[in-house]
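*Asks:* In the order they appear, the protein sequences are chains W and L.
Residue 107 in our numbering is what sits at position 107 of the first sequence, and the numbering runs on without skipping anything.
So our numbering is basically just the index in the second sequence, starting at one, shifted up by 1000.
The reader is advised that the hints may include incorrect statements.
[What the hints assert, rightly or not] Computed, partial: chain W to chain L, Cβ under 10 angstroms:
1. H15
2. A88
3. L91
Hints listed in this document are in silico derivations from the structure and should not be mistaken for laboratory results.
Using N, Cα and C, we set each Cβ at its ideal position, and we do this for glycine too.
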Amino acid sequence: MTPMDSDSHNLSLVHTGTVIEEDSLTLGQLCRACGVHADWVISLVEESIIEPQGEDIRLWRFSGASLIRTRSALRLQRDLGVNLAGIALALDLIEELESLREQLKMLGPT
Amino acid sequence: MQYKDYYKIMGLSRDAKQDEIKRAYRKLARKYHPDVSKEKDAEAKFKELGEAYEVLKDPEKRAAYNQLGADWKAGQDFKPPPNWNEGFEFKGGGFTSGDAGAFSDFFEQLFGHAGFRPADKSRYNVHVRGEDSHAKIHIDLEDSFHGATRNISLSTPEMNAQGQVQVKHRSLNIKIPKGIKAGQHIRLAGQGSPGSGSGQSGDLFLEIAFNNHPLYRVSETDVYLDLPVTPWEAALGAKIKVPTPEGNVDLKIPPNSRQGSKLRLTGRGLPARVPGDFYVVLQIALPPANTGKAKSAYQKMQEELDFNPRQALGV
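Excised from the complex, chain L in its bound form (with noise of 0.2 angstroms):
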């Protein structure tokens, strides 16, 4: 077991008052909300964060974590001295508002376990139907397309008869239905949380969202490609293969095309009752001029054109 160094996880000093703690949690809380913060590892912090506060804000969780001492450093292996605890009372049990299943075996080893039982409800009788419970899940664009079926691992924190909190693992194949987007749910009814007593299971709840793709972006419905082409193509007009997650098609550039220029592939988007489009934006790419002949056609077109871009600039 690890030891954490809570005032470093703040960014505070040890002699930290008690409203300097409350201020830096508030800060540190906007900073790493999931909801709110972009940051990598934002989720992981935040409930690093979580732990911290919920010892540092409770004067007598705090006076216990200092009598192990200012000389651990974080990360170091830690185990407690035997009855460190001697003479402190938890109110209420370790746990006190903080999100208990997100909390370190550190804390759970200082804190965790009285008052922390699971409420034996059985015993009264009690048949409550379990919660519901959420999930992201990451799925590839092509999965949409046609439809797939794919093995997702979840992990749920879950209390044994010891009171401790376990995260239990578990897999499950689930059918990814064609033209599913990003952002709908799929429900599975019954595979939430345990009910007690003969109540019902809850339902699970899953978020879909698309892995980036190395070609296509999707917005909604729509699927967008960059497709690269060369400045004849776009001057002239051609007919081009592109690639498409349902396959290649043929493509009409129409002549005089400029950069950026968008063509839509109706109907060829994300499956729906009203389909997606398929957009395909046009790139060009210059040739480079690294040989005489390259340049030469670079010089002929120069004599040839009377081309300025930069006339809109007045010069």
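Excised from the complex, chain W in its bound form (with noise of 0.2 angstroms):
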């Protein structure tokens, strides 16, 4: 097959993925998405800052939003050197701001 080919064919290709649901990952497919440890994951349970579904750290499920302010809090402590409190507080900040920006578009522009 000439490299020409393979190309078009990839083109043709369509790939099905699988949608994350509320509580569908489990604590060691978290670390994995982030890249982290399982410590620095359950200190952020901890802290309040994801809350799993499910009362022992074995049946631990985390949803979509809990993998959004993972990846956040990582960032916030890597890049701004916030400490745990400091990210659970700029998260929910963060959180209500985007919500009040959310309700000032539903408003339409004035």
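Combine the two chains into a complex, taking the hints into account.
*Replies:* In structure tokens, the structure reads:
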């Protein structure tokens, strides 16, 4: 097969992924998705920065929103040197800000 | 290659003290951090800032950079003078803590290569799973209503055999499942970074966001439409045609509807196990009084109606 052929073959290939529903990520999957250690994720849960479903650590299930928060937390710590309490505060404020911006958008252009 | 003025990027003079540099970085990092900032190009500015700080915070790199001289202008075409860095030793190679893939050609030309080679892991028979990677994609609201196949292009910084960072572009056709919401993720197994040795590739996580729609606004699974109506349609009631993402529907406006009234079409929001609702928000449009006929119609209302919209104000 020439390179051209393989390219056009790839173009017609359609990837079907899986949608991450609420509470579908295990601790291991979340750690791998963010490239972090389980210890650090556990400390995020202890600070209630993310809140898994399930009592026992082995039964923990995280949502897609937790994935977004964990990645933001990682960046805030790495880039700005924010500690866990600061991350919790920053993320809550950022989310509040976003929902206010969203409401502002709902009111339409003024 | 363009010259970068790291002092200008950080808003500092060339004789700034090390602690001033740190303070300037902290302040600007908060301003432009992509998680916090909504400034346009925040991400590009944050990367540029990180690169400037990477050089200026390190006395060795800073001294080497200073040696290039103060006569360069940002954006000017630049070639490093031969042996410009003779006598400088950069500890631990060029990159120390920054996000290497994000740095410019300019940085890389000056500090780039030493100590930043891809580790030849296969030599030690290490089989490591590749890292998971992430991207945000914007889709149209209609894609979620009907399901769709979309072509997305991704760029990933990767290292070549010489240890240089190159941005690799690739495109993927992906299936957008019906009913996907903003903020949800699609996981594509094996589409992340390649593993080393016989290790598997990582996964690719795509975060979904909706493009702004000219007609509709979305909140979770509910969809909103601003619908202009005439004063008589709102006052007398009417049956009017309304666009929805699934085609036009006939909507009954009840008599005595008011400005901003919300009418709900149950289950006509985003499809899901429990589908969202479609809300029509009435916007009463006043006809202009720009003809004799229109004026006399308004005058007639003035004569016939005993209406004081300012009653609650006590006047």
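*Asks:* Just pull the numbers of the violated hints for me, sorted ascending.
*Replies:* 2
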